[in-house]
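With chain H fixed as given, assemble chain D onto it according to the hints.
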Amino acid sequence: MYPIVALSLSGLVTLFLGFNRSRQGLLPATIFFLLLAAGLNFLDWNAPGTYFSNMLEISNQSIIFSTIVVVAATLVVAITGDFASDSTAQPAEYYALMQFALVGAVMMITYNNLIMLFLGIEILSISVYVLTGSDKQNIRGNEAALKYFLMGAFATGILLFGMAMYYGGVGTFHVTNAAVALQGVNGDLSVYLSVGIVFMLMGLFFKVSAAPFHFWTPDVYEGAPTVFTAFMSTVVKTAGFAAIFKIVYVAFLGAYSFWIVMVVSMTILTLLLGNIIAVYQASFKRMLAYSSISHAGYLMLALVGLREASGESILFYSATYCLATITAFTVLFTVSRQKLVNGRPDEQISVLNGLHRRNPFLAFTLAIAMLSLAGIPLTGGFWGKFLVFSDAASRGYWWLLVVAIVMSAVGMYYYFKPIRAAFLKPAEDNAPLEIRPVVRWVLVITTAGTLILGLFPDVLRQLF
Amino acid sequence: MLVWPQLGSRSLATGLALVSLVISSFIAFQGNPEAVQLTWLADLQISFHLAWDGISLVMVLLTNFLVPVIAWAAGGWSYPNRERMLGLILLTQAALNGVFLAQDAFVFYFFFEAALVPVYFIAAFWGGENASRITFKMFVYTIFGSLFMLVALVYLYVGAGSADLQLLKVYAQGLGQAEQDLIFLAFFLAFAIKMPLFPFHTWQPDTYTESPTPATMLLSGLLSKMGVYGLMRIAVPFAPLAVQQLGMTAMILALIGLLYGSIIAIQQSSIKRLVAYSSFAHMGLMAAGVLTGTQEGYQGALFQMVAHGVNAVGLFYVVKTIGDRTGSYELDQLGGLTSYAPKLSILFMIILLGSVALPLTNGFVGEFLLLKSVFDYHAVLGAVAGLTIIFGAVYMLRLMQRSMFGPDHAKSIQDLTGADLGALVPLAAVVLITGFVPNLILALTESSVFQIVGGLIK
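Protein chains in written order, with our numbering: chain H, 1 to 464; chain D, 1 to 458.
Please note: incorrect hints may appear among the correct ones.
One side only, chain D facing chain H, incomplete, derived with CB under 10 Å [said to hold, decoys possible]: (1) TYR109; (2) PHE112; (3) LEU150; (4) VAL154.
Rather than coming from a laboratory, the hints here were simulated on the basis of the structure. Ideal Cβ placement from N, Cα and C applies to all residues, glycine included.
If we strip away everything but chain H, and leave its shape as in the complex, we get (with noise of 0.2 Å):
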């Protein structure tokens, strides 16, 4: 609870010091307030219990997964370098913008209540909205964000079209009173709980970019400005996931038989297509953001085994699935800068040719990230999908299974080719990289991060 309060008001506070003249204190400022909210995330810990009259629910769990969103904004921040290079930016604005979101954030994940879910998913939304069209001169980022708003809004409508139908059903708004409404039902639905379920989670997948709902996000993730992709596929993947589990675990368990069919299909679809289209692309930023699509097809594995472990795989993946994210586009955003075409970066792969030469940490950080996102040993994101693995092995989805591991071979062939680029193929110009010391410093720790997790994966995973 004490997360949102502290980033609704610090975002308050951000966006009035955006009234002085220089911009040197706004960065350090926010991320003095995100490491503030984080720290305040931990008065609750070992004390499990509900706020606002039961709206919120807070729990070990919780507060993990809040930090982990706001860990993940506080270094996407790091590396915007108060956006010094560019003059039209409004940087006051994004850092407030990046912090209400993070309130929406929270609640997605701290809810208990389906008016709680929806409040913060149309704060996370609309703030994300905004911060994708923020480049108003690129008419890329325009398109962005059109399509994100009107996709986005229409979906929010038939999620909230569900949550009345569900409520029709039940007779509740509070998520664990309405899953004793539900225990035992399995199958003999009526009406108004079987469209209210599917609605919802036709809603929820929408948020993140489960097949066949996720046509917007090559689009939107290629024409935002990279340092907000960042933090859409981080921050906004998995405070929907963790929205995802705690609805589908607690509220719709007792109508699992029903729902499993439709997210077992999308589960394959998303595998299918995240992965095979991401062969295809010669941007990286758009194969980062179909690799993204393919991420949220493993981790819809955990919701299809769906167990008490469940909730802290989908929060290991997680985990590793920000550090490494993370990591590739802060290589993007610092190396595509470098190189403008027609006056925009250049966001192919190629730019990282002999990225080893011109900067061997760069490198060497992307191929870690890279190999952590494939699911390679020693690195977390091979006990990420691990962890997944065994969940949808504990219902005896041995089929899912093969496909989920087929298509993780597949993953390997786009993972290695940013990494060929940078270390095999020649540079165009050998010039030296530099990077400024505060990008270095994220990397050393979305790196070590990803490296001890891969050898030592109980550090995350015995703190509650």
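This is chain D only, laid out in the frame that chain H set:
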């Protein structure tokens, strides 16, 4: 050494690698089975459990003997950024030790995959122009197979509630025919791609030929043995019913590979490719021996793993030396080298005869045990396998004759330097010593093999 190349050097790398050898030999002679067991993922009952028995010990000794030789060799050749390569070689050694000592299914899988990553980078970085594309193909192909093994391991783990290999074995042996068949197929796929076995071998000849020699030595000397080890430790003991049903088919595939590899090796004109195909052929016989599920088969495979590891590394070293000094890997451009390089000739001959399986060399003991076990299993298969001894002799002796003897096409080359001798003499020594006194190895493995084999349904 990878991150701070200034610190590295050839002697340092070799020294570090030798430390492992010293430790493992010490353990061997002490005879107390020690174990390291740390909790890894506590709530999932997955522990970081390493322990050795006779089989693991022999493999660990092989690894820790070959890696210093490979490091010494790699340090001597002129590769740019040599220290980084040495660092990668040492990382591979660590992963290999992990594979052979693993007592927990996911520790095994972890190191099985992890061993490939440094080798991929060595091959991609220091190989020829095609190397990056070809080794990538190997990487994807191998990992694809291992992913099926992961599914099988997860299946067993979820059923048995534990990841300990011994417990999983007991659980797996209790499963029904159909389930055992599927598990066996998954494991067999992973290991067949790794060794490689026909028809999953298509990645091997190109990869071995295009990769830089240290990578090829690691692959053919050690990583391929991971496949046989896996077959021996996991695939066959876990699914004895499946071995009864499918073992014959698998063995036929192995023997087809043996024949096919040998025949193609005879026709090769590139000496590196020839040794690559011979390596492929030998793996077939080892796999066939393991698939018989008998004491002789296992002992033979283990002995042959050591023998072939040593022989392959030696042969590839000689091939590289010849290639570097004469500028060509093609047989029709070589010849008469023995008059310029008698030491090379002698050592080459010793290692080559080991590969041909002349009695009193290591190859003979291994092949004899393997052929006996296959013959006992099925006489016709045994006879076919026996034929390949002849083929082996043909291509190996042809290689020797065309490169070392005969009309003189090459200009004079420099004979072996002290550094070269440092690599080849230990190898040749092992070829002869283990050929004369095979019990050095066989005694170490006998009881552990009996423990595995004794439990199998015949």
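Okay, the hints, checked on the actual structure:
1. TYR109: 7 Å, holds
2. PHE112: Hint holds; PHE112 of chain D Cβ to chain H Cβ min 8 Å, cut 10 Å.
3. LEU150: 7 Å, holds
4. VAL154: 5 Å, holds
In this structure, none of the earlier numbered hints is contradicted; all agree with it.
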